[in-house]
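Trainee: Model the placement of chain B on the given structure of chain A, informed by the hints.
2 protein chains.
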Amino acid sequence: MIQKYVYGNPFSTDAVTVQMEAAEGAPQFGQLCTDEGFCFTYEMGKEDIVYGLGEANRGINKRGFRYVSDCADDPNHTEDKNSLYAAHNFIIVAGKETFGMFFDYPSVITFDIGYTNLDKLKVSCAHADMNLYVITGETPYDIVKQFRKIIGRSFIPPKFAFGFGQSRWGYVTKDDFRTVAQKYHESRIPLDMIYMDIDYMQDYKDFTLNEENFQEFPAFVQEMKDQHIRLIPIIDAGVKVEEGYDIYEEGVANNYFCKRADGTDFVAAVWPGDTHFPDVLNKDARKWFGDHYSFLIDQGIEGFWNDMNEPAIFYSTEGMTEIKEMLKKFSEEGEKGVPMFHLMGKIMSMSNSHEDYKRFYHNVDGKMVCHEDVHNLFGYNMTRAAGEAFERLVPDKRILMFSRSSYVGMHRYGGIWTGDNKSWWSHLLLNLKMMPSLNMCGFLYTGADLGGFGADTTEDLVLRWLALGVFTPLMRNHAARGTREQECYQFDHIEDFRSVVETRYRLIPYLYSEFMKAALNNDLYFKPLSFVYPEDEIAVRVEDQLMLGDEIMIAPVYTQNAKGRYVYLPEEMMFVKFGRDGEITEKVLEKGLHYVEVALHEVPMFIRKGKCVPVVASAECVDDLDSTAPELIGYAGSEYTMYEDDGVHKDYENPKNYRVLRK
Amino acid sequence: MIQKYVYGNPFSTDAVTVQMEAAEGAPQFGQLCTDEGFCFTYEMGKEDIVYGLGEANRGINKRGFRYVSDCADDPNHTEDKNSLYAAHNFIIVAGKETFGMFFDYPSVITFDIGYTNLDKLKVSCAHADMNLYVITGETPYDIVKQFRKIIGRSFIPPKFAFGFGQSRWGYVTKDDFRTVAQKYHESRIPLDMIYMDIDYMQDYKDFTLNEENFQEFPAFVQEMKDQHIRLIPIIDAGVKVEEGYDIYEEGVANNYFCKRADGTDFVAAVWPGDTHFPDVLNKDARKWFGDHYSFLIDQGIEGFWNDMNEPAIFYSTEGMTEIKEMLKKFSEEGEKGVPMFHLMGKIMSMSNSHEDYKRFYHNVDGKMVCHEDVHNLFGYNMTRAAGEAFERLVPDKRILMFSRSSYVGMHRYGGIWTGDNKSWWSHLLLNLKMMPSLNMCGFLYTGADLGGFGADTTEDLVLRWLALGVFTPLMRNHAARGTREQECYQFDHIEDFRSVVETRYRLIPYLYSEFMKAALNNDLYFKPLSFVYPEDEIAVRVEDQLMLGDEIMIAPVYTQNAKGRYVYLPEEMMFVKFGRDGEITEKVLEKGLHYVEVALHEVPMFIRKGKCVPVVASAECVDDLDSTAPELIGYAGSEYTMYEDDGVHKDYENPKNYRVLRK
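Chains A and B, in that order, are what the protein sequence lines are. Residues in the first sequence are numbered consecutively from 487, following my numbering. Residues in the second sequence are numbered consecutively from 487, following my numbering.
Pulled out of the complex, with its shape left as it was, chain A reads as follows (with noise of 0.2 Å):
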C-alpha cells in the first residue's frame, strides 16, 4: 500500500506519474517534524537493512553513511564522497519493520542512515515542502515493485544498444573513429557503437559538427553503419554563447535560457568557455531544446548521451569575479593579504558550487525559481527534454539515450551511465552494488565505463571489468583524455578480450529477455541476494554477487592477481564458464561457500538449479545474431520464455514476443 502525504507546498517534479490523494495524519513509522525544514528520524533494528538511493555511494546496504542528494560533477567517487551526480531519493528499510519512502524533494536533501549513531536513520532537508510517499508491503522487492508502478515505465533502447561499445575522449576526426572500428574488425571482436565525445562538435557547441572534421556526415554516419557500427554522439548541457550560433541567438531571443534574478542571461564556464543554459524546467524551452535532436537524428544517428547535465559550471561570472579578486590582493601582499590555503579552497571550490545556484532562475509556468530549490532536477529535464522531442519526432522508433545527472522520473526518458569513475578495482565492485539499487529507482538501462574512466588502467582490470560489463545493459569501455589507452586492442591478450565481448553476444537473447520483462513488468532486472533468498543469513548480506533475471547470479572477480574468488550459494547452483571459441564448462555446486577459479579470459556466472539460458552463436554485431535456435545451457527439464522483438520499434505488448524454449 502506497500512502501520499503533502507538506508545505511542494514543487511538481513529475517523478511520479500516478495521482493520488493525500493521506491525513503521519506516516506510521519514525518521527516526523517540520518545524524548522523537514525532519523525518527512525530508530534502525541492529540487523535491519537499508536499500535504495539508486546512484549513490557505498554498499547495497546503505547503513553506516550519510548520503546527500545534490547532484555534482565530481570524478572521484572516494569513499567518503556524500553526492554523486544523481538523487535518488527512494529507500526501504527492511528488518524489524518493513517499509519504503520516496521523499519527493527537488534539492538538496541528506539521509544519515547510521552514520552519526550507529542506529539511527535521519533524512533532513532545508523545507518542509514536499510529497512524502510510504509504502508497506510483504517485502523489499514488493515494495519496489509497488514504487515503480507509480513512477512509470522504465525507458527501453533499440536493441543494438544491447551490444558492445567503445568510446574515449579523444576521438577527434572520421579517421579516429574509423581506426577503432577497423582494429575492432580485425581483432574480430564484436563491436556495435561508437561514442562521439565533446570533440566531434564544433567549438563544443551543442547540435553542431566539426567543420574541418565532419564534412559530409550523413555519408561517414551511413560509412560506419555499413560496418554495422553506430555513432552515438555527446550532448552537453551549456550553449556557447556565441553571435551567429543558431542556438544561441533562439534561446536569447525567446528567453529559453535560465536567468539572473536581473533578468540578463546566467554565464557559466564550461567546456566551450561562457554558456547559457537552456531552461529545462520551463516547458516551452524544453520542447525547443529537444527539437535541436533532430539535427543529428536527420543525419542518421539513433543514439545520444546528455551530460554536463547536473549541471556541471567550471565557474560563473561572478564567481571568476571574486577569485580574479583575491588573486589581485594575493599577487600584490602575498599570504599576509589572503592566507595561501584560503586561496586555495576558494579555487578549488569555483567550480559547481552552491553560491552559482543561488544565482540563477528557471520560468516555471511563469513563476521564477532559483536553481538551488530545483538543482535536481536539471539533467532529469535535459533528458526529458530529448525524450519528449523523440516521441514527436520519431514517434514509432527507439532512440538510445543515457544521461549523466538524474531524478527519479527520468528513468522513463533514458538510461544513466554513473559517471566520471576510475581504473579502480574497487570501482568494479562500487558499479556491481550500485546495480540493484538503480534498477530500485527505475534505472534499468545502465553501466559503468568499464576499464574506469580516469587514471591508467591495466590489462587484467579491463578484462575483469568486462566480465561484469558483459552483464550490465549498458556494455561501454570509456576512457579520459590523458589517460592509458584501453581499447580491447591495445593490450597483450587480444585473444582474452575477444572471448570476454563474445560472451556478452552469445547471451544477449537472455540479456534482452529480461531487460525488456523487468522493464515490461516494473521488475527488476538486477536483484540483492536478499531479495531471493530473504531467509538465508549469510546471503542476505552478500555485496559482491547478484541476481540477475529469474535465471542466473553473478560473481565476478574485483581483486587484481586473484586466480579466482569466493562465492556463497544460496542454493544448488550451476557453474557456468564461458571460455575461448564459444567453449562453455558446466558444473554443479552444491549449496554453501566455494572458491571457484577464474582465469582472464573466462566469464562465470551461476544457473539456479531447475533453470535454463538461452545461448547463440557470437557475431560481429546484435543485428547478426541468429536466435532461431538457441542452445539451452543449465538444467535438463527446465524451460525458458525468451521475449524477441525487432529491437527496433515499440511493439511491445504483442504476445507473439514471447517464445517457450525447453530444454
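Incorrect hints may have been included.
Restricting the straight-line Cα-Cα distance to at most 35 Å, the calculated cross-link-like pairs of lysine-lysine (DSBU-like) are [said to hold, decoys possible]:
1. B:K1077 with A:K1077
2. B:K660 with A:K822
3. B:K822 with A:K844
4. B:K1073 with B:K1003
5. B:K490 with A:K532
6. A:K810 with B:K815
7. A:K669 with B:K1077
8. B:K631 with B:K490
Which residues of chain A face chain B? A partial, calculated answer using Cβ under 8 Å [as the list claims (entries may be wrong)]:
9. G550
10. M830
11. Y1052
Please keep in mind that the hints were generated in silico from the structure rather than gathered at the bench. For every residue, glycine included, the Cβ atom is placed at its ideal position computed from N, Cα and C.
Mentor: Frame of chain A, contents of chain B only:
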C-alpha cells in the same frame, strides 16, 4: 647467496651494514642495461608472484602496477597513486625462478611490475649509479632473512609502545590531553600514550613548547605518567626561520641547513611558514639536530614521531614567485593570459615539486649533492639523527621513535606509521596488506592511523580497524583536524571499544614476544600465508589474511555492514574470538573455506594446529600487566616460548628472557 653489483658511482646510503666485495659480470636473472640510465628487465612467469617494496600501494603481490620510489607527502592514497612516503627498493620474484633484488639508489626509481605488459618486470632509473644486491635462496622467506641480515637489526621500542595510543591533530592545551586521559580512564579502556601533534610547539618551532599552554612541562609530563600515560611529541623536518630562535641561529651560523647553489639557505614554507631544512645528510648537522631531542628527553619525554620529512614542502620562495607572476597575469588578462586549467595545475603542483628538489643541496663530506639526487634519504637521515643521538644521550634506554618518510636503513633507528590515510574501509585492508611487505624491508614497529586520519569515520569502521590494530606493533588511533572526533569514548557503544582494546592488552605478552623474536632473529612478525603454506594454491594468493609469528593467523573484518567474513584455512586451526569481560570462545575449524561471524566488539584470530598462545588479564596500561602465569589458549599438549625483559633497557641477549610455557 647474495651478490653485490656496483654500477657507476653509487651514493653511499648506508642501507647495507655489511661490507661486501662487488661481483664481476652480470646478474644471472633478466637483462640489465646501463646505456641510458639504468634498466633491469625480466620476463615473469604467468604465475610468478612479486613481493616487497615495503610501504607501497596496492597488494601483497605487487604485480599489475607501476610503483615509483619518490617519497611524497600525498594524503590521498587512492589505488592509482604510484608513490607514497617511503622508498623501499627491495623486491622478490617468486615462481619459475626465485630471487630477490635490492636497488640501493637514493632517488626516483620506477618498478613497472606487469603494468605496461602483464608479464614484464622493468626497474629503471635515470642514473646508472647504483649498488645492486641480488639474493638467491630456496624460498622467498629465506631470501628475506638473508636480506634482513645485511641491513642490520630492526629498531626495538620500549615495551610501553606496545600499548594503545590516542592521537589527534587538534589537541592544544594541557586540558585537552587531560580530557583524553580522563575519558579513557572513565571508560575503563586501557591507554599508554597520548600523541602531541604540531600544536604543542610554539609557532610550530622544533624543540620548543607553546609558551601559553605548556608552562612547567616536566611537571605535566609527570602528571600524565602518574596516570600511566606517556606523551609522545611530534618533530617536523623544517626549522622555522626566525631571528632569536636558537635552532635557527645555530643552523645558520654553522651551515647546518640545506643550501641553494649560491650558498644561501634554501627556504621552504611548511607549517611554521618559512623554514630551513637541517642538512641531515651532513654528519655534523645530523649530530647537531639529533642532540636537540634532549630538550624534550630532559623533561621526561620517552618517545617521538618524526613528520613532514619527505621533506614536505608547501612551496618554496622560488615556486611562490612563479605562481604570483602567473596570478598577476591571470588577474589582469584572465583566461586569455593564463588558461584556467594551466593555472590550477600550477597551483596544485606547487607542493612537493621536483622543481624545488633541484633547488637545494646537501653537504656530504664536503661535496655539494643536489637534493633531487638523494631525495629519498631525507626522512631516513632525520630519524637517524635522532636514533644516533639517543645512543649518545641515553645509551641504555630504549626511546620510542617512528617516522613518516623512510628508506631501507632507517629501520635500524625507528619504526614508521603508514602516513595520512583516510577513514576508508579500503584503507583498513591496505593497512593489512602493507604489513608483511614492510617487515620484509626491516620495518617491524609499524601500523596505520586506526580509524583513518583524513575524512569522517564511523563507529563501526573504528571498531573493525582497531580489531586489526590489536595485532600491529604500533596501535594508534589518529585523526586530522576538521574530521569527526574518533577517540573511543566519542561513540555510542563504549563497551565495544573496551573489549577490543582490552584484547590488545591481553595479548601483549604474546605480541611482544613475537616482535622481539622477529627483531632479534632478523625474522618476520607478519608473513603472507604463502611464506608458510607455499604449496597451497589458494593460500599463496590470499591478500586479506596474515600469519603473525609462528602461532597465529589473523583475518579481520574489513567490509561495512558485514556480520563476519570468509576465511581460508590452509590447515586445521582453532578459531578464537575475544569478547567482553575476558570472554574467549574457541572452535576448531577444519582446513578449507569458512564463513565466520564476528560481532563489532569481538576480535577474531586463528591458532595454528599444535600451537598455543599466552593470554593475560587486561590492565590499565602495559606496566600493570601481570604475566607471571599466563593462561594458554590453543591446542592441548603444545608449548610456547615467551620472551620477556624489562621493556626499558637493552639486555636483549639474556637467556633468562626466554621462558617455556606448556599447555
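Trainee: If a hint holds in the structure, say so; if it doesn't, say that too.
Mentor: Going down the list of hints, with the structure as the test:
Only pairs whose Cα atoms come within 35 Å are accepted, and K1077 (chain B) paired with K1077 (chain A) is accepted, the gap being roughly 18 Å. At roughly 30 Å between alpha-carbon atoms, K660 (chain B) and K822 (chain A) fall within 35 Å of each other, so this suggested pair holds. For the hint linking K822 (chain B) to K844 (chain A), the alpha-carbon distance of about 28 Å falls within 35 Å, and the restraint holds. Taken as a hint, the K1073 (chain B) and K1003 (chain B) pair is honoured in the structure, with Cα atoms around 28 Å apart against an allowance of 35 Å.
For the proposed pair K490 (chain B) and K532 (chain A), the alpha carbon gap of about 60 Å is over 35 Å, so the pair is violated. Pair hint K810 (chain A) plus K815 (chain B) holds up; C-alpha atoms about 10 Å apart against a cutoff of 35 Å. Proposed proximity of K669 (chain A) and K1077 (chain B) is contradicted: the alpha carbons are some 48 Å apart, above 35 Å. At most 35 Å may separate the alpha-carbon atoms for a hinted pair to count; K631 (chain B) and K490 (chain B) meet this at roughly 16 Å.
Here the hint on G550 (chain A) is kept, as its CB sits about 5 Å from the closest CB of chain B, short of 8 Å. Interface hint status for M830 (chain A): upheld, as the beta-carbon distance to the closest one in chain B is roughly 6 Å, under 8 Å. For Y1052 (chain A), the interface hint holds, the least distance from its beta-carbon to any beta-carbon of chain B being 5 Å, beneath 8 Å.
When each numbered hint is compared with the structure, violations occur for hints 5 and 7.
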